[in-house]
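Line by line, the protein sequences are chains A and B. Going by the numbering used here, the first sequence opens with residue 123, and the numbers climb by one from there. Going by the numbering used here, the second sequence opens with residue 25, and the numbers climb by one from there.
Any given hint might turn out to be false.
As the list claims (entries may be wrong) - Think about it this way: if two alpha-carbon atoms lie no more than 35 Å apart in a straight line, the pair counts; the simulated DSBU-like pairs of lysine-lysine are: (1) A:Lys190 with B:Lys337; (2) A:Lys190 with B:Lys52; (3) B:Lys354 with B:Lys52; (4) B:Lys337 with B:Lys354; (5) B:Lys52 with B:Lys104.
Said to hold, decoys possible - Now the in silico label distances, taken between C-beta atoms and shown as ranges: (6) B:Ser152 with A:Thr126: 20 to 28 Å; (7) B:Thr151 with A:Ser128: 18 to 26 Å; (8) A:Cys166 with B:Ala300: 26 to 34 Å; (9) B:Asp287 with A:Ala141: 29 to 37 Å; (10) A:Gly153 with B:Asp352: 56 to 64 Å; (11) B:Pro214 with A:Gly193: 34 to 42 Å; (12) A:Asp170 with B:Ser152: 43 to 51 Å; (13) A:Ala141 with B:Arg148: 36 to 44 Å; (14) A:Ala162 with B:Arg148: 38 to 46 Å; (15) A:Ala141 with B:Lys104: 52 to 60 Å; (16) A:Asp204 with B:Pro214: 51 to 59 Å; (17) B:Pro214 with A:Gly143: 53 to 61 Å; (18) B:Trp232 with A:Gly143: 30 to 38 Å.
Quick caveat, the hints were computed from the structure, so don't treat them as lab data. All values derive from a computational prediction rather than experimental measurement. Glycine included, C-beta positions come from ideal geometry on N, C-alpha and C.
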Amino acid sequence: MVGTVSRDAATAEFFDGTARGELLLRRCPEGHLSTPYAEACETCAAADLTAVPAAGGGTVVSHAVSHKRDGTTLPLVIVELDEGPWWWSCLVGAEPGQVTTGARVRLTFERPEGSEAVPVFRPADA
Amino acid sequence: MADTVTPRTMPAGRTPAIVGLGMTEMGKVYDRTAGRFAADAVRLAVADAGLRLSDVDGLLTSAGVGGGVGLGLARDLGLKDLSVLSEMQSYGSTAGQMVQYASLAVASGTAETIACVFADAPLRQGTSTGAAYGSRGAVGWRGVLGASGIADTTSMYALAARRHMDTYGTTQDQLGHIAVGQRAWAGMNPRAQFRDPLTLEQYHASRWITEPFHLLDCCLVSNGGIAVVVTSAERAASLARPPVHVHGWGQAHPGRSLLRHEDFGLVSGAARSGPAALAMAGLSVSDVDVVELYDCYTFTVLITLEDYGFCPKGEGGRFVADGTLGPDGKLKVNTGGGQLSSYYMWGMTPLSEAVLQARGEAGERQVAEHDVVLVSGNGGVLDHHSTLVLSPHAPGRA
Ligand SMILES: [Zn+2]
Chain A
123 MVGTVSRDAA TAEFFDGTAR GELLLRRCPE GHLSTPYAEA CETCAAADLT AVPAAGGGTV
183 VSHAVSHKRD GTTLPLVIVE LDEGPWWWSC LVGAEPGQVT TGARVRLTFE RPEGSEAVPV
243 FRPADA
Chain B
25 MADTVTPRTM PAGRTPAIVG LGMTEMGKVY DRTAGRFAAD AVRLAVADAG LRLSDVDGLL
85 TSAGVGGGVG LGLARDLGLK DLSVLSEMQS YGSTAGQMVQ YASLAVASGT AETIACVFAD
145 APLRQGTSTG AAYGSRGAVG WRGVLGASGI ADTTSMYALA ARRHMDTYGT TQDQLGHIAV
205 GQRAWAGMNP RAQFRDPLTL EQYHASRWIT EPFHLLDCCL VSNGGIAVVV TSAERAASLA
265 RPPVHVHGWG QAHPGRSLLR HEDFGLVSGA ARSGPAALAM AGLSVSDVDV VELYDCYTFT
325 VLITLEDYGF CPKGEGGRFV ADGTLGPDGK LKVNTGGGQL SSYYMWGMTP LSEAVLQARG
385 EAGERQVAEH DVVLVSGNGG VLDHHSTLVL SPHAPGRA
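Extracted from the complex, chain A is given alone in its bound form (with noise of 0.2 Å):
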């Protein structure tokens, strides 16, 4: 069950983007990929960053799974995107400890209540 949050002026346009289903990457001149919230392309620094949105495809690099005082869980993931970015949310579709290190996963959006859509993962194979 993920959470609710809001845009400000940093996030508006990445929010555009999830709310039509996209997780914007960032791309500089030399065509390397960065995270959403990169200021400066990850791999040469360059400033002049694009939006590009990501396939969806990706491996999760580690997991976790958090528990909740009323006795809920909720699976955590850390993804590295089939683009080369990694991105930290949490794993829907799933129980926790189905999916583990190296498992195929693939980008997806939840849209709660008052919020933003959320980007989210769930197994490739559901």
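We have chain A; now place chain B with the ligand onto it with these hints.
Frame of chain A, contents of chain B with the ligand only:
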């Protein structure tokens, strides 16, 4: 034990030494603001050194999550015409860094007697410990991370630890040995918040926070303040306490927070900072007698031991489970119980215990051989690291 301790970089007489340590009451102490804890800690440290506040010509401050400790502290203490004054922030590595900048100021003659202080009061009576360090408003980039379920540093360190476990075969049991070993030390520390003996079974039975972290993998939260006073070795010789000489230091800031980072959870800034500090001191890791490591989580201790070179990379789990830790262990690590069991004063927790051990004033838990004490600080999610090499012996003397 070191045969000789010879710094390479500082002129004789102006080598820095820690000459005062001030520790307020810590833990669930609700009667003071962070600013008042800071002022109390500085007064205690200055008195401990046998100095007066009017002797202080430099002040470096470090605030925790609750804020309220800053430049105004100089006014609150009646300090005027200072030669060095700044607020510093590099999270858990700040305390070690304050000693480094104070040492540079002493060595260069910029200032002569500098107080370095951390204080925080995040605990409120009647609210949970978790609330003190909970997420604050789901907006923007931090907000999208929080909405995704990654709302606290525990989740981030859990992801780091799991990567180490997956890569090197580090086990839950091995993390537990760190909690158990430090609790055994805490039993001999009158200042420790948790002093009851802990078994591995009790560790495993403690509730999950974020797997692979149980409650007992995580530091506690404390209100309080700690300060140290740094001056020249020359001046230290005439003061009240045995000086603790600062022989070497280092910092490392990998700068890849939340970015793609091949070393995430596997190698931290300690791998650069530790060897740099030891090289400055002219020492190697085999010379170290006492190790005081930043322990926001059990895992932080494990990765720092590896990165400092106490065991090969990837063997930290076996190393800590093999009779290494605790009062009877082969390596004297976090002898006060650390932030896991004693008190959570960010980088001042390992630094304060290091000063007590180097002076030979750690009471029941005093380590017999304490000629070289290594201290770490760690901030962010393994994003910032600081190291200090301390010794009761003056530079150039065995
Ligand atoms: Zn680039």
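Please list, smallest to largest, the hint numbers that this structure does not respect. Of the numbered hints given earlier, the structure breaks none, since each of them holds.
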